[in-house]
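**Q** One-letter residues, chain by chain:
There are 2 protein chains.
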Amino acid sequence: MTSEHIKSEFRNLQLHICEALEKIDGLALFQEDSWTREEGGGGFTRTILNGNILEKGGVAFSAVEGPVSEAMKKQLGMEGNAFFASGVSIVLHPFHPHHPIIHMNVRYFELDNGTYWFGGGIDLTPHYINEQAARLFHQGLKKLCNQYHIDFYSKFKPWADTYFHLPHRGESRGIGGIFFDHLDENCGLEKSKIFEFCLELGRLFPILYRQQIDFNTVITATEAELAWQASRRSRYVEFNLLHDRGTKFGIYSGGRTESILMSMPPMAKWEYNVDPTPNSEEAKTTELLKKVIDWV
Amino acid sequence: MTSEHIKSEFRNLQLHICEALEKIDGLALFQEDSWTREEGGGGFTRTILNGNILEKGGVAFSAVEGPVSEAMKKQLGMEGNAFFASGVSIVLHPFHPHHPIIHMNVRYFELDNGTYWFGGGIDLTPHYINEQAARLFHQGLKKLCNQYHIDFYSKFKPWADTYFHLPHRGESRGIGGIFFDHLDENCGLEKSKIFEFCLELGRLFPILYRQQIDFNTVITATEAELAWQASRRSRYVEFNLLHDRGTKFGIYSGGRTESILMSMPPMAKWEYNVDPTPNSEEAKTTELLKKVIDWV
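In order, the protein sequence lines correspond to chains A and B.
The numbering used here applies: residue 1455 is where the first sequence begins, and numbers increase by one.
The numbering used here applies: residue 1455 is where the second sequence begins, and numbers increase by one.
Check the hints yourself; a few may be wrong.
The list makes no distinction among identical chains, and a pair is therefore deemed to hold if it is satisfied within one copy or across any two copies.
[Claimed, not checked] In silico DSSO-like links for lysine-lysine, alpha-carbon gap of 30 Å or less:
1. K1723 - K1702
2. K1738 - K1723
3. K1702 - K1745
Worth flagging that the hints you see were computed from the coordinates, not collected in a lab.
Since this is a predicted model, take the numbers as computed values, not measurements.
Whole structure, please, built from the sequences with the hints as guidance.
**A** Here you go:
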């Protein structure tokens, strides 16, 4: 399995996901920007704006290569002269407060000394947690994981709980999902099988998102719901700029800023020291975010 | 000069600044929250909301003390068993796009081994740069600096240019100001004089801000101006969460989140890959932010 093959499959995955999301949205179409990296490689950033369902979304593909910089050596903690990295990364911000924000990312990294690994994750950030919809999401992920390795879900679900966490808020970003990194043949699957798992996860993504969208027949949002959404979106900003490894690595290593920050919500609000009204739907969601929950 | 004295003068400074800002605003009044820190000390966070001029602002005072943690040792790169730290920190977000965002911070830190230092800074972030107003701001700062040390402005102005910079955007946060850190008697002034400089900078703050407010007789903002302001505010968020040392230290060391993030704008917008119209006022400001300018 060559890096060319991985690259071309990831690019196909990006196009497949965009097509599926356009069907879900029913109105807006993705626009594509391409960029190149001076040291080698580049990417295609696809964004969707002001659709029927989606207010702002991005599906990015990149494949970069080149010499391993000192900064990368430090971050990776291992040696190598040249690297290749490719992946697909998605964040969708829907208009309606009763539709969730969703994120997914699958990626491959290799060094010229033969080392390689896969990483990825998917997590759902409902503005209002619907417990039945949360179960559905996790059941879908568990089913896929089980098709590849009986330990994947039980390892990757808590990994997501740990990763998608805002310590300074004492809460999770959402209802979690799965997260994995540095996956190689030591996980019990051969390389091609791990890659297949990543691709299948990518193909599952629009199916899972459609389930979530279909789950909530939405009526016009109230002012209070929109205000709550704006406040939850500010937490999404905080996570991405303070904690998200991909964002920080991209920013500090001089990646293309607009492609990295396509994950930002279209709008966010910060109010000082405001807690939701006790016993409200907003308070219920906040309470659930403070716990680690076995959704399946 | 005891730490009790420094603490009480900083608290007085906070109250003085709030009073002066209430006069500038002419409508809203500050509300005060107090908090305590388990290991010792605490603070008073004062916030102002929905005034005549100010949409959201915070003036925070804190005085904390206790054992030096391992994380602090690492960050400080020096030894000590106990520390005391106190300071005043301000961020103001005005309603009108032709009024600038402003930030100031003065702080004192000491270890039980006798080491101490002062730090601080002030910087102005106009949504639209008015070059005459920018000169006025820097002239005021230079005048104060010169009263204390002939080298202060020529050292502290470039320090601010370096500090208040967003490398991933290739632009400054605003028109800069002054920034200084680790200031002790090696700077040529004795401790009480450095403290006096910090207090005088604090007292100058509302005078400089009133100048800026008076400079622009504002009429109702256009939709385009408000959209530009929302976009500039997103850069303020990016700076604070990605780069600002105080914010990052506060968040990672478990400070009071709402007091740290009172610096966030009330609202911010992220649009994908949008550049201002050539030759517009917005383009002019963007161009100025890409340069290091000697405003005096």
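**Q** Next, verify each hint and record whether it holds.
**A** Hint by hint, here is what the structure shows:
1. K1723 - K1702: Intra 22 Å, inter 20 Å, cutoff 30 Å: intra and inter.
2. K1738 - K1723: both (20 Å within a copy, 27 Å between copies)
3. K1702 - K1745: both (26 Å within a copy, 25 Å between copies)
When held up to the earlier numbered hints, the structure conflicts with none and fits them all.
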